Amino acid sequence: MAGRAGARQWTSDCCNLTSKALGFEESRDVLPDRTATPHYFPPLQFNPVSLATGEDYDYMLALKQEFRATIRELPYYIKPQRTSRDVQRYTDKYQLNGAGDSSSKWVPMWSRLPKELRIRDRKIRKDKTVLKPTILLQNNKSKANSSKNPKDVINTLKELEQQEAKASDEEDEKENEENKKLSKEKDDDNEDENEVDEEDYDEEEMEEGTDYISTYFDNGENYGDDEDDNIDDGPVY
Amino acid sequence: MSEKELIACSLLLREYFGEIVEAVSMYLARKGSTPLRVLVDETKLNIDKVRKALCVLTQHNMVTFDRHKRGFVMYTIDVKEVLLLARYTRYIYCAKTLYGDAAELIAEEMLLHGQVGMESVCQKVENRLNEALDEGKHVSSNSVTEKFANLAQTHFIQRSAMVKEDEDDAACSATMPVLVSSADNQFTISAEESDDSRKRKREEGTSTQSKKHKTGNEYELSECNNLWKVNYDRFHQHFRDLAIISAVANKIDKRAGEVMRTMLRISEVKSDPIAEVSAPMSSNEIFQALPKELGIKSSDVDQYLNLLTEDSAEFVGKLGESGGGTYTVNIKKAITEQAKATIESVVQERFSSKAARIFRLLLRKKYLEQKQIEECAMIPAKEAKDLTYTLFAEAFLSLQEIPRTPDHAPSRTIYLFTVNITQVCRMLLDRCYKALSNIVSKRHHVVKEFKRLLEKQQRVEAIVASLKTSGSDEAQIREVEEMITPPERTQLQKVEHMTTKLEQSKIQLDETIFILRLNLSYCVR
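Residue numbers (the numbering used here), protein chains in the order written: chain A, 1 to 237; chain B, 238 to 762.
Derived from the structure by calculation, the hints contain no laboratory data. Just so we're clear, the structure is a prediction, and the values are computed from it rather than from any experiment. Glycine residues also receive a C-beta, built at the ideal position from the N, C-alpha and C atoms. Take these hints with a grain of salt, some might be off.
Here are the computed lysine-lysine pairs in the DSBU-like style, where the Cα-Cα straight-line distance is at most 30 Å [claimed, not checked]:
id, chain 1, residue 1, chain 2, residue 2
1, A, Lys79, B, Lys608
2, A, Lys115, B, Lys466
3, B, Lys738, A, Lys64
4, B, Lys743, B, Lys491
5, B, Lys268, B, Lys743
6, A, Lys64, B, Lys317
7, A, Lys166, B, Lys306
8, B, Lys671, A, Lys64
9, B, Lys671, A, Lys79
10, B, Lys577, B, Lys529
11, A, Lys115, B, Lys281
12, A, Lys79, B, Lys317
13, B, Lys743, A, Lys64
14, A, Lys79, B, Lys679
15, A, Lys79, B, Lys743
16, B, Lys591, B, Lys608
17, B, Lys570, B, Lys603
18, B, Lys333, A, Lys64
19, A, Lys64, B, Lys361
20, B, Lys608, B, Lys507
Which residues of chain B face chain A? A few of them, derived with a C-beta cut under 10 Å, are [unchecked claim]:
id, residue
21, Asp285
22, Thr334
23, Phe588
Sequences and hints are given; from them, build the entire structure.
Right under this line is the structure:
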C-alpha cells in the first residue's frame, strides 16, 4: 500500500514538473478528472436546429406511416422462422395459424426468375398424380366419340411418362453435380478450419495448464485490506 | 459503400421486409455476388426462406441475377437501390403534386410491389379511389389509365426488363431467364396493354372470350413482359430541378424562380438528363415558354437573366448575343453551390458562426496559412487557432504541406489549410447514414418498449370502431375507452410525439442525403 501511494505522489510531482517546464500555469487544467464517470451522452455545445414544419412534411409523414403499415401486411414481409420455445404455451398453436397466412398468398412470376428459386410444393406433385386418371377418363370419352385405338392412347401415355422421367432425372443429376462441386469445395474449407481449430484448442489447454501455477502466488501482503484494492484502477463502468 | 451505409441498409430492410430478407441481403452486400447454395449454407436459413427472400428482392429490383461461366446463377444486390427505401414517400408525394391523387396511388402501388402490370395497378387504384369517395361519385377507369400514360410519357415510370426468348443459348435459358430492356419502348404503352385495360370492363360481363386465344403460356408471357416500375432517376432529376428553383427563389425572388423553372423545363426536352450544362436557349425562347398568367414582361426576363448571370453562384451562363442573348443553365455549378451551402450550415450549427466564417473564407480563397486565416477572418489568434484545429480534427478542413527543404522538417514547412468539397461531402454523407440508422433503430426500440401499450391502444380503437358501427350508446363507448388509464394515455402521447419526431427527421435527413449524393455524382465522373 505504502509503495503504491508513494508512486502516485511521485507521478503527480513529475507531472507538475514537466508541465511547469512546458509553460503551463496549472497542472489541474491539463489533467482531466479521472474519478468522474464520463457521460454516455455528453452535453451538446450547440443544440440542434428544430425541424422544418409544413403541410407537405405532415403529409409525407402520414404517407410514410401508412406505407410502412401496408408493406408489413403484404406477403413481401417475411416473418422469421419460429424457434421452438422451451416453454410450451397454450397460445402457441393459435399464433402459428396466423403467422403463415400472408406469406403464402403471393405467387411470384416464375418465368422472370431463375429456375432454382422455384419453391417446390409437395402438394402440387400429389395433384399431378391424381390428375392422371382424369386424363384417361377424358381419353376414354374421346375414344367413345372418335373410336380411336386404345393401344395408341396407352402408347402415347407411356412415351409421355418416359419423357417426363428423363427430364426429371436430368434435372436431378444436374443438381447433384452442383451439390457435389459445392460440397467438395466446402469440405476443403472445413478441413482447413478443423486444423486451425485444433491448434487453437492446444494453445488454450496449455494456457490453462500453466495458468494456475504462474499466477497463484500470495505473499500475504494483501491479506485483510481488500477494500483498498481498487483505488488506483479508476472507476469501473 | 461504407460500413455505415450497410448498417443503414440492413435496418431499412428489416423495417420493410423482415429479418430474413435482411440477413440474406446483408450477406450479399458484404460478399458480393453469391450463388444460392452458398447463401443457404452461410446464412444457415431454411432454403425455401432464402429463395423467398431472393424472390422478394428481385421483385423490388434490388437483386439482379447473372449466369456464372461455370453454369450456376449468381445473385448481386444493389445497395444504392436499397437505400432509396428511405425516399419512397417523397416519390409518392411528388407524383401527387404533379399529377394528382390517381398518380399518387399508382406510384404507391408500384413502390409497394416493385414491379406491376398496368392492368392490375389501374384496377387497384380505381378501386381504392372509389372506396375513398362518397357514394354516387365514381372515378372512371379511363382517367386512371390516362394518369398512368402521363407518368409513362414524362418518364416517371418505365417498363422493366423483358424476358427474352433465346433459342441459341438453350442451356442458359434452362437455368434462368434472360432479361433485356430495350431503349425504344421503355416509356411507351403498347397497344395491347391499353386495349386490355379498356376492354376489361366489357369483358367482365361476357366471360373471357378474347383472352382465350392467347391462353396458357403465351398469356403468362405477355403478362410478365408488361411490367412497370418507378424510374428513380427521373424523380431525382425532378428533385434536382426543384432544389435549383427554390435556391434561385430564395436568393433573388419568386419570379426569378419561375424564369429558372421555365429554363429547366426547356432544357428537359433538349438536353441529356445527366449533362453538366444544359443546351443553350435564347431569351426569346424563354419568354415564349413562360406561363402568361405570371405577367412577366420580355424586358423583365432579360433583367432576370442578367441578374442570374451576374450572380456569384453562376447558375446561368451567357453564351452569346444571338436571339436576344443565348443562355445555359450550369447544373453542376448549381448543385455544387447547394452542397456547399448545406455544408456551411452544418459547420455553423455545429461549431458556431465564427467557425462558419473561417470555413467560408477557405472556400473562397482556397489555400490559406494559419496566420492568414486569423487576419482575413478577423478573429483573435487564439480563438481562430482553436476553431481551425477543431474543424481540422473533425475532417471539415484538410491540410496541404509545402516543404521548403526536401527533408520535410516542420520548421521549414508551410502548412496550408483548404477545403476539399468532395471529401467533406463523403464524410457528411457517412454521418447522415449513421444518423439514419440511429433514427431507425431508436424508433424500433421505442416501439418495442411500448409494444404492449400500443397493442392495447389498437385493440381498444378496434372495439370502439366496431361499437360505433353497430350503433351502441355513448356510455358503452366511453367505458371501453376508459380501459386505457390516464397515465397510460400520457405515455402513449409521449411515444407518439417521439416517433413522429423521429420520422420527420428521417424525411428531412433524406433531403440532405439527396443533395450530398447528387453533388458527389456530379463531382466524380
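Against the structure, the hints:
1. A:Lys79 / B:Lys608: Violated, at about 62 Å.
2. A:Lys115 / B:Lys466: Holds: A:Lys115 and B:Lys466 sit about 23 Å apart, inside 30 Å.
3. B:Lys738 / A:Lys64: Given that 30 Å is the threshold and the Cα spacing comes to 13 Å, the pair holds.
4. B:Lys743 / B:Lys491: Holds, at about 28 Å.
5. B:Lys268 / B:Lys743: 28 Å, holds
6. A:Lys64 / B:Lys317: 20 Å, holds
7. A:Lys166 / B:Lys306: Distance ~26 Å between A:Lys166 and B:Lys306 Cα, so the pair holds.
8. B:Lys671 / A:Lys64: The hint holds at about 20 Å.
9. B:Lys671 / A:Lys79: 26 Å, holds
10. B:Lys577 / B:Lys529: Status violated; Cα separation ~35 Å.
11. A:Lys115 / B:Lys281: 21 Å, holds
12. A:Lys79 / B:Lys317: 24 Å, holds
13. B:Lys743 / A:Lys64: 10 Å, holds
14. A:Lys79 / B:Lys679: 21 Å, holds
15. A:Lys79 / B:Lys743: Roughly 25 Å separates the two Cα atoms, so the pair holds.
16. B:Lys591 / B:Lys608: 16 Å, holds
17. B:Lys570 / B:Lys603: Distance of about 17 Å is within 30 Å: holds.
18. B:Lys333 / A:Lys64: 14 Å, holds
19. A:Lys64 / B:Lys361: Cα-Cα ~20 Å, so holds.
20. B:Lys608 / B:Lys507: Measuring from Cα to Cα gives roughly 49 Å; hence the hint is violated.
21. Asp285: Holds. Min distance 5 Å.
22. Thr334: 8 Å, holds
23. Phe588: 8 Å, holds
Violated hints, listed in ascending order, are 1, 10 and 20; each of the other numbered hints is respected by the structure.
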